[in-house]
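Those protein sequences? They're chains Y, R, C and P, same order as listed. Residue 316 in this note's numbering sits at position 24 of the first sequence, with consecutive numbering throughout. Residue 561 in this note's numbering sits at position 269 of the second sequence, with consecutive numbering throughout. Residue 485 in this note's numbering sits at position 193 of the third sequence, with consecutive numbering throughout. Residue 479 in this note's numbering sits at position 187 of the fourth sequence, with consecutive numbering throughout.
Which copy is meant is left open, because identical chains are indistinguishable; a pair holds if it fits in one copy or across any two.
Calculated pairs, BS3-like style, for lysine-lysine (alpha carbon to alpha carbon, straight line, at most 27 Å): (1) LYS489 with LYS622; (2) LYS489 with LYS607; (3) LYS428 with LYS489; (4) LYS409 with LYS388.
Derived by calculation from the structure, the hints in this document are not laboratory data.
4 protein chains.
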Amino acid sequence: MTLKVGVIGTGMIGRDHIRRLTEVVSGAEVVAVNDANEVSAKEVASGLPNATVHATGEDLIADDRVDAVIVCSWGPTHEQYVLASIAAGKPVFCEKPLATTTEACRNIIDAEVASGKRLVQVGFMRRYDAPYRALKRAIDSGAVGAPLIYYSGHRNPSVPEHYTKDMAIVDTAVHDFDVTRWLLGEELTTIRVQAAKPNSHGGELQDPLLMTLETERGVLVQVETSVNIRYGYDIRGEVVGEDGTAALADTGQVVLRTSNSVGVRVPEDWRERFIAAYDVEFQEWINEVVAGTGLTGPSSWDGYAAQVVCDAGVKALYSGERVQIELATKPGLYS
Amino acid sequence: MTLKVGVIGTGMIGRDHIRRLTEVVSGAEVVAVNDANEVSAKEVASGLPNATVHATGEDLIADDRVDAVIVCSWGPTHEQYVLASIAAGKPVFCEKPLATTTEACRNIIDAEVASGKRLVQVGFMRRYDAPYRALKRAIDSGAVGAPLIYYSGHRNPSVPEHYTKDMAIVDTAVHDFDVTRWLLGEELTTIRVQAAKPNSHGGELQDPLLMTLETERGVLVQVETSVNIRYGYDIRGEVVGEDGTAALADTGQVVLRTSNSVGVRVPEDWRERFIAAYDVEFQEWINEVVAGTGLTGPSSWDGYAAQVVCDAGVKALYSGERVQIELATKPGLYS
Amino acid sequence: MTLKVGVIGTGMIGRDHIRRLTEVVSGAEVVAVNDANEVSAKEVASGLPNATVHATGEDLIADDRVDAVIVCSWGPTHEQYVLASIAAGKPVFCEKPLATTTEACRNIIDAEVASGKRLVQVGFMRRYDAPYRALKRAIDSGAVGAPLIYYSGHRNPSVPEHYTKDMAIVDTAVHDFDVTRWLLGEELTTIRVQAAKPNSHGGELQDPLLMTLETERGVLVQVETSVNIRYGYDIRGEVVGEDGTAALADTGQVVLRTSNSVGVRVPEDWRERFIAAYDVEFQEWINEVVAGTGLTGPSSWDGYAAQVVCDAGVKALYSGERVQIELATKPGLYS
Amino acid sequence: MTLKVGVIGTGMIGRDHIRRLTEVVSGAEVVAVNDANEVSAKEVASGLPNATVHATGEDLIADDRVDAVIVCSWGPTHEQYVLASIAAGKPVFCEKPLATTTEACRNIIDAEVASGKRLVQVGFMRRYDAPYRALKRAIDSGAVGAPLIYYSGHRNPSVPEHYTKDMAIVDTAVHDFDVTRWLLGEELTTIRVQAAKPNSHGGELQDPLLMTLETERGVLVQVETSVNIRYGYDIRGEVVGEDGTAALADTGQVVLRTSNSVGVRVPEDWRERFIAAYDVEFQEWINEVVAGTGLTGPSSWDGYAAQVVCDAGVKALYSGERVQIELATKPGLYS
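Isolated chain Y (complex conformation) (with noise of 0.2 Å):
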């Protein structure tokens, strides 16, 4: 069975989805897109075989021929397409920030919660990164010991004009944040962020961020955000356990001996480290969906945990203080 799948959002990401979709993984059809830039979408469905434009997100959303969503378009209007897919009753999967408030988020929990099962994911690609996935089983095949300290560093060699000190939390260690909870498999209820010394190609940013945060069960956690130190876009994971330490080892894949030096290759940009673990998200998505048994990925809650996490991180960011992550109650729904 190939799953039919309508996109909303034409832009970059949503055309990478959808040629993802097309010429990559198996099992899906594109059947329906839609885009605030009308122009856009219908660029994008002359080169698909079979789909169609929709005038609006919501009118996708009902086109009988669109068994699942997928949500590409700008953040502030994630909201109102996730609500409408779970009215509709079609999983959808939702580009990062699953919403751009708590209170936004908690509605879609509210409202998945009451349709009676998960039909949300959420974009959080480095859960299917393979490196990421063989730290965690190493975490849990217990060879480290239980998780004491970890460490999270997040380098990239620059960052546009347009970016500001809120975003190394909101854009950049969000990712941190979530991939955290997801190796540890528990909460985290305090950040304190702390500026070091600028990088001065950041001109007038805080750049870059200590950011110390615990979990529920007292693991530290230590979140570097390193957004101006072109080298290369560097994803650093280490965790500390009571017997060893088991960290995210280089990805290079040939070892060069050259001009006094043996190394490998680090990364230039985030497409190039973690395009494969788009690919995995996506099938492994479609393969749920079509057999109907359950998604296991990112959730509306992890969704709603990484939005709390980061509104504590901007707080921690201006006060200079330690500062308190209060999530709601879990719903039965995400255990």
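Following the hints, complete the assembly by docking chains R, C and P onto the known chain Y.
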């Protein structure tokens, strides 16, 4: 457009490819199967939504619904099915070996050349492995200068009881031969084989072997087969150039610090090491067949050349002498 | 010229230094020893060709044959012997700590400043470790740009029964404090200490600890002490700069491929890791004393500064607050 | 007791050893020097507190103040000075080669055997290199099982103009031959030499060379000399055993993450790589001579065996054939 595929041979490897075509890669559907063991073929077909069982491989090839053929049957039958596919003008993916004798390989080349276009692809999956591709890119980039020596290491933890002396060459080193030709972009011209002190885990087997080959331009190639080396399935490759060297990196994705050691995992077997390469191999084959723009994967010529190197290698193994590798003139179709 | 040395304290560390002076490094001879336990002193002297046993440390310092003094006695006695050496105008190498209170350290500084020249060196041997020196060269070369963050990891497989909460700071992290000051070339200004989820191997101990310090120029310093982490004695250090990072490499000298793993050895204890550093430390001290061109190793000021950081660290450990590190004005002698 | 040493040959290597004996290692004093160039000898002596200049090497050897002799003169003179030292019953450290002909080596062996005890040590410093020693320990520990293959790689960035074809064997690979014999604890029995496609940086030189040797027990040894490979001075070694492999690790001490690469430094030249090995070599020689318990370093036999392998290697280089390495019966003194 979905490529409709018929699969001849529903043993272990055939079933794995059917799974791959059905669940992993995009753009293909298995519509016909055949096996010498009809029970096996029927069992496999029953798990597919839309597949016919054919009494013979030739029937399957003749089926109008079949756009392209995959041959996974017993080696000695490869020639007939590949020839029949060429006769039918249908693209055919043949698992290695292309055929079991040099003469049979030449028959296939002759038929394909007569047909006027490339229809045959041979299953040398290493060319689709990400680390090998990164190695080829590194060589081609000139980062280490012109290649002068290539070391290829093929290590297996163990081999089955029926593994014979010749198999170190025709079953094991054949992959090294093909990938060397591809990495360096030139033919092998001589081979010498030496047995080291035998590994006691290998019983009477002459293992490890060290093979020294030369290429057209004088590159020395060293192939080590160690097929009882216990520690893991470890595929090594290092090109020594004029200015530096480039080597396959270790593939472990997690750095473990435990028990006074820091390191990464070595794969257990070929599945763990090359599973992803098979996926890419089939996805690219499907895409090229569908696009109709011509095949770029390992050709009949590559299958033939590997066979000739193997024949020379076996001769060298028994004689202890350096043996010439004599290839026919390469038809223009393969240049 | 051979430097004639007197050694106060003939316990484990004193005996090791005497062995080093006698058998390993060049240019020194042990001519006098003293220990609170006279039996121990006599035992050691009996193994030396030419050494007198003195009843007191002061007698040893006063001995005309003694050119320079090495203090390896119990910490609380360091102050008196160092002061007596300064009074005698003799160079003195004092094992860490320089003294056990800030006030004692200041007394030493005052006396040394009054003497008009540097006579005191403190035993912070990491500054003589080849990997740390290579790290300092890398930082100073500008290869990674200006330092912004420094991570220092201090991991021990286990600690003795008598190891207390404070010792993680005053015995363990003190090395990280000193080496950080040296690597970055600036003073530490604040410290905060957080306990992670406790390692169950450590019983009641608060272990691991994560300390966050700041430097004068705003570099953030993260010190991890994990003193029950079983897997080995592992000293980590990574400076994050504006353009890249530089880190201590693993020190294993042999890559082992065994049991599905490829990796190198992690040291078992501090001896294995730092034995060579002690040799270099003493050779350079001897050379500098003999040359009379002035000492360049860790000074009284360094001993004092480390003590002040430790005091602040202990306060921070108990309060949970960020504590200021208040240093006196640095005398010109140490600039 | 201080060992009083006379040094014959005050060129570059002689001066470096004098510096080493005077400033680095413990327990020796240079009391006599000689050089064919008297001006050089006097210059060196003037920097030493207590050294006589002798008109001839023989005079130096005869000097009663001289306990032990170090020979760093021109190769063809080694034989006479080593024989004179043996005749005088004095321990002699001879830089490699022991002598320039097999016959001369045998003369030395005969004289030493006649003297009844080991007096001669040859300057194969690799046996004192920490990574090689760690490799030998790993082999001897049985961690990888019995050795079956040994790969030895000797890479130089460039060689001087006067470097000839034979020197790749007698000057370069000679170190690999000795260290292989030592690591494996057995003699080499055959050698074959093949030239790869020549490195264009090497002009007319046959470079790189690939040599295949066999040992008494059938271990295959592969020696690569690449002496124009630009990227660095890189000494590689990997033993392939029955259960795994052990290899020299890279020696860089700092991991740099810069410019889309992560890696460590490769040495620039042999000084950077082996400087510490020379220190250990002399310290252990001094200690053994002073202790009078017998020499354990590379012996006359080792110097002789290396010479025989070199002779066979040069023959193999010109003939292209496999050449037998024929050793005399080993006197009991060396077992």
